[in-house]
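A.B. asks: Chains as they are written, first to last, in full-length UniProt numbering: chain A, 1 to 162; chain B, 1 to 162.
Possibly wrong hints are sitting among the right ones.
Keeping only pairs whose Cα atoms sit at most 30 Å apart, straight-line, the calculated DSBU-like set for lysine-lysine is [said to hold, decoys possible]: (1) A:LYS40 to B:LYS40; (2) B:LYS110 to A:LYS23; (3) A:LYS158 to B:LYS102; (4) A:LYS141 to B:LYS102.
In case anyone wonders, no lab produced these hints; they're calculated from the structure.
Protein chains: 2
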Amino acid sequence: MRIREATEKDWVLIWPIFHEIVKAGETYAYRPSTTIEQGKKIWIDAPRKTYVLEENGDIVGTYYLKTNQEGPGSHVCNCGYMVSSQARGRGLATIMCEHSQKMALELGYKAMQFNFVASSNEGAVHLWSKLGFEIVGRLPKAFNHPEKGLVDALVMYKWLEN
Amino acid sequence: MRIREATEKDWVLIWPIFHEIVKAGETYAYRPSTTIEQGKKIWIDAPRKTYVLEENGDIVGTYYLKTNQEGPGSHVCNCGYMVSSQARGRGLATIMCEHSQKMALELGYKAMQFNFVASSNEGAVHLWSKLGFEIVGRLPKAFNHPEKGLVDALVMYKWLEN
Numbered sequence: 001m002r003i004r005e006a007t008e009k010d011w012v013l014i015w016p017i018f019h020e021i022v023k024a025g026e027t028y029a030y031r032p033s034t035t036i037e038q039g040k041k042i043w044i045d046a047p048r049k050t051y052v053l054e055e056n057g058d059i060v061g062t063y064y065l066k067t068n069q070e071g072p073g074s075h076v077c078n079c080g081y082m083v084s085s086q087a088r089g090r091g092l093a094t095i096m097c098e099h100s101q102k103m104a105l106e107l108g109y110k111a112m113q114f115n116f117v118a119s120s121n122e123g124a125v126h127l128w129s130k131l132g133f134e135i136v137g138r139l140p141k142a143f144n145h146p147e148k149g150l151v152d153a154l155v156m157y158k159w160l161e162n
Numbered sequence: 001m002r003i004r005e006a007t008e009k010d011w012v013l014i015w016p017i018f019h020e021i022v023k024a025g026e027t028y029a030y031r032p033s034t035t036i037e038q039g040k041k042i043w044i045d046a047p048r049k050t051y052v053l054e055e056n057g058d059i060v061g062t063y064y065l066k067t068n069q070e071g072p073g074s075h076v077c078n079c080g081y082m083v084s085s086q087a088r089g090r091g092l093a094t095i096m097c098e099h100s101q102k103m104a105l106e107l108g109y110k111a112m113q114f115n116f117v118a119s120s121n122e123g124a125v126h127l128w129s130k131l132g133f134e135i136v137g138r139l140p141k142a143f144n145h146p147e148k149g150l151v152d153a154l155v156m157y158k159w160l161e162n
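Just chain A, same shape as in the assembly (with noise of 0.2 Å):
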């Protein structure tokens, strides 16, 4: 198992995990009618970076990292995973969680963010909890889950730096 940045022409397998989440509408705040050439927009072209979790020449893995505000902000970082449905279960995320906050300090970031995590999406909240992110907002109503309705979304928080 490794872990290397994305190139244009891996977007044609990363484009099934992608869509599979997108789609269902569940913890991700892109349309779930998202388009192959949006998604690559969206996923390898606006982030500063994208990365793979490649396993037995698969990719089971991907996330992207950026500045999640310019200027002022832009000492924070903004990340969002994705493991295939097939390899769930096993631990991937927090290895790309790891990864990611190492790759942020090496890219001169303090602290990263995420804007907007489905309070529904409770293995999500859990996970990001245990490896050092905090609660520092909830949004009330702001997502609209397909099933459940509007539930609250939670930013989370990490400082990096030591």
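Since the structure of chain A is provided, determine the placement of chain B on it from the hints.
C.D. replies: This is chain B only, laid out in the frame that chain A set:
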């Protein structure tokens, strides 16, 4: 005094207001070195709507309105307001904020969120609170103020629908 939608031609009159505020680096999460072309993209092209507040043929204030998060978050909008330094202290931000809440409802939004209010910007925090926005998040040391250094940034939120 009237508020109307901005056109591309207005940008040359909006730019001095935008530039003075952004260059100071005390309130907005844009690069202080933002150029006139980049500013136009940020303030005119990217938002869903941009408005100007006109008085005697002059533009004395401006605001944008956009969707804050796509997909499951697309019922929440985000706005940013700027008042010319010559026109401050006369309640123009209040007038624009109230206008923006009406427009947001007309456009189908249910809530409004300010993502990154510098906690050092006490006037703004006080004003938004008075207008019904709640502090729903506090991002520790997320705003790098040119004089005060790292200060907290606030997330403020108002449910607009009755």
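A.B. asks: Is the hinted pair LYS158 (chain A) and LYS102 (chain B) satisfied, with a Cα-Cα distance of at most 30 Å?
C.D. replies: The given pair, whose Cα atoms are some 36 Å apart, is violated under the 30 Å limit.
A.B. asks: Starting from LYS110 (chain B), check that the Cα of LYS23 (chain A) is at most 30 Å away, please.
C.D. replies: 23 Å, holds
A.B. asks: Do the alpha carbons of LYS40 (chain A) and LYS40 (chain B) lie within 30 Å of each other, as the hint requires?
C.D. replies: 25 Å, holds
A.B. asks: For a C-alpha distance cap of 30 Å, please report whether LYS141 (chain A) and LYS102 (chain B) respect it.
C.D. replies: OK: LYS141 (chain A) and LYS102 (chain B) at ~20 Å, within 30 Å.
In the structure shown, a violation is registered for the earlier hint numbered 3 alone.
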